[in-house]
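Peer 1: Spelled out, the chains give:
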Amino acid sequence: MSHHRVVVEAVRFAYPDGTWALDGVSFELGHGESVAVIGANGAGKSTLLLHLNGILTADSGRIVVGDLPVAHGTLTHLRRTVGTVFQDPDDQLFMPTVFDDVAFGPLNLGMPEADCRARVRDCLERVGAWHLRDRPPHRLSGGEKRRVAVAAVLAMSPDILLLDEPSTGLDPRGRRQVIELLRGFAHTKLVVTHDLDLVLELCPRTIVLHEGRVAADGPSRTLLGDAALLERCGLEVPVAARPCPRCGFAPGLAEG
Amino acid sequence: MNGGGHSLLDLGTLDRLGQGDSAIHRIDARAKLAVTLAFVLCVVSFDKHAVGDLLPFATFPIVLLAVSGVPVRFVLRRLAIVAPFAVLVGVFNPLLDREVVASVAGIGISGGWLSFVSILVRFALTIGALLILVATTPVPALGRAALRMGAPRVFVTQLLSLYRYLFLLAEESRRTLTAYRLRVPHDRPPSWRAFAAILGQLLLRAVARARRIHEAMLCRGFDGEWRLIATPRMSGRDWLFAVGWLGFFAVLRLVFPAHALGLLLVGG
Numbered sequence: 001m002s003h004h005r006v007v008v009e010a011v012r013f014a015y016p017d018g019t020w021a022l023d024g025v026s027f028e029l030g031h032g033e034s035v036a037v038i039g040a041n042g043a044g045k046s047t048l049l050l051h052l053n054g055i056l057t058a059d060s061g062r063i064v065v066g067d068l069p070v071a072h073g074t075l076t077h078l079r080r081t082v083g084t085v086f087q088d089p090d091d092q093l094f095m096p097t098v099f100d101d102v103a104f105g106p107l108n109l110g111m112p113e114a115d116c117r118a119r120v121r122d123c124l125e126r127v128g129a130w131h132l133r134d135r136p137p138h139r140l141s142g143g144e145k146r147r148v149a150v151a152a153v154l155a156m157s158p159d160i161l162l163l164d165e166p167s168t169g170l171d172p173r174g175r176r177q178v179i180e181l182l183r184g185f186a187h188t189k190l191v192v193t194h195d196l197d198l199v200l201e202l203c204p205r206t207i208v209l210h211e212g213r214v215a216a217d218g219p220s221r222t223l224l225g226d227a228a229l230l231e232r233c234g235l236e237v238p239v240a241a242r243p244c245p246r247c248g249f250a251p252g253l254a255e256g
Numbered sequence: 001m002n003g004g005g006h007s008l009l010d011l012g013t014l015d016r017l018g019q020g021d022s023a024i025h026r027i028d029a030r031a032k033l034a035v036t037l038a039f040v041l042c043v044v045s046f047d048k049h050a051v052g053d054l055l056p057f058a059t060f061p062i063v064l065l066a067v068s069g070v071p072v073r074f075v076l077r078r079l080a081i082v083a084p085f086a087v088l089v090g091v092f093n094p095l096l097d098r099e100v101v102a103s104v105a106g107i108g109i110s111g112g113w114l115s116f117v118s119i120l121v122r123f124a125l126t127i128g129a130l131l132i133l134v135a136t137t138p139v140p141a142l143g144r145a146a147l148r149m150g151a152p153r154v155f156v157t158q159l160l161s162l163y164r165y166l167f168l169l170a171e172e173s174r175r176t177l178t179a180y181r182l183r184v185p186h187d188r189p190p191s192w193r194a195f196a197a198i199l200g201q202l203l204l205r206a207v208a209r210a211r212r213i214h215e216a217m218l219c220r221g222f223d224g225e226w227r228l229i230a231t232p233r234m235s236g237r238d239w240l241f242a243v244g245w246l247g248f249f250a251v252l253r254l255v256f257p258a259h260a261l262g263l264l265l266v267g268g
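Going line by line, the protein sequences match chains A and B.
Numbering follows our numbering, with no gaps: position 178 of the first sequence is 178.
Numbering follows our numbering, with no gaps: position 157 of the second sequence is 157.
A portion of the hints provided could be inaccurate.
To be verified - A partial selection of chain B residues facing chain A, derived with a Cβ cut-off under 10 angstroms: (1) 16; (2) 46; (3) 47; (4) 48; (5) 50; (6) 143; (7) 165; (8) 187; (9) 189; (10) 219; (11) 225; (12) 234; (13) 238.
Everything labelled a hint here was simulated from the structure, so no lab data went into it.
For glycine and all other residues, C-beta sits at the position ideal for the given N, C-alpha and C.
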């Protein structure tokens, strides 16, 4: 099953104003892996994501998704393989109703209507949002919007999920629902986030980006307990990885 | 611009009403759209002095209001807001056309007055019917119906996207205005200079959002063609609604029952 693999090799990218957003980023995602990308604002996280779904093209370096390099000729294949859940669901839910929105991707892939209906129903049921199907997106709560956005991406049956800040702007219950939802997916996942507690729950492995470079790549429990590393990269140790303020007991993430 | 509750169109209320549930809401949007368009065409096609022949047409909006549960006040208030335009259109008729064409209880009525009243009645009927249509049909369903009935795809797509993002834009402008208000000592509306800056902000944000939406569309295989799943067939009830009302309008338009009734009463 090598086709759910992602290889990023020495990717560099500069925005038109000349700033290097990515300055030689390399890593590999194995099949079924769930990996977090963390870093301060402007570290290049979102830019990286936009390279993996082919919206931006690297100035140099190479990205391979599955068995195909990301290039102009492979974009159709790429967008079928890689599903992106954007940070702001309002950008993603652009159709007039929830049902139409989830149907948008499969219809573009040329799926027959009857199959498409079944697919939409299946995906909305998986995220617990079938009852919202006739609603216009502006009549959904933040958590509902996020779940529908996930369903819309699932409807294209991607092998790899890219998630940009999946917990931002959600109340605690909405956040919990999204975490549980994502935990249930067997896809290869790349999660870009500032929510380090979410990382500890969802992603065994973390890549730390700093000024367009990979500052660290390893087990989340080790990296997120490394105060010096996180401090240097504009981050801080998540609450779940801090020692108990009363008794000083450290949760011992390093061994976990 | 602050509350949104009293604005001209008050899209929020309209949208909420459209999402409601009643026998009228459940009728297929195509049937409602066709019937309403036929209604408007019939009403505007009468002779310029027609008043009595128009009145029976009020049955349509009245029945729809009664069955759908759309508040009468909602429709009346909006009619009142747009009424000045209709008044303006017809206000000079009584001055220009003084020829007496009818008399009631011995008082001569000039053609100008008749046509003025006729304009007001037509205005109330047509705008009222359109308001009721929008208040009983979700906009997406309306767009879909228009598409099925041959409206240009580009136009409908534009309309639906506008509907999708109008509320978001309104929310963003509200936030920007609030931020402005909190930083000025007085409660006056923004100066032209500040207003221009605020508008510029909104435009930049809208452009950035449009770019992100386009990216999201590309990620889901968008190739320039806007695809929608076809709506289910119209049910027997939808057909009954459409054929029933169309027949009713045809009778009113072609047989002039009001006229006949009037003649009967006068004994002519």
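Peer 1: All hints are to be evaluated individually against the structure, with a verdict given for each.
Peer 2: Comparing the hints with the structure gives:
1. 16: 9 angstroms, holds
2. 46: 36 angstroms, violated
3. 47: With Cβ-Cβ at 41 angstroms, over 10 angstroms, it is violated.
4. 48: Hint violated; residue 48 of chain B Cβ to chain A Cβ min 40 angstroms, cut 10 angstroms.
5. 50: 39 angstroms, violated
6. 143: 7 angstroms, holds
7. 165: Because about 8 angstroms separates residue 165 of chain B from the closest Cβ in chain A, which is inside the 10 angstroms limit, the hint holds.
8. 187: 29 angstroms, violated
9. 189: This interface hint is violated because 27 angstroms lies over the 10 angstroms limit.
10. 219: Hint on residue 219 of chain B: holds, closest Cβ of chain A at ~5 angstroms, below 10 angstroms.
11. 225: 8 angstroms, holds
12. 234: 18 angstroms, violated
13. 238: This interface hint is violated because 17 angstroms lies over the 10 angstroms limit.
The earlier numbered hints that this structure contradicts are 2, 3, 4, 5, 8, 9, 12, 13.
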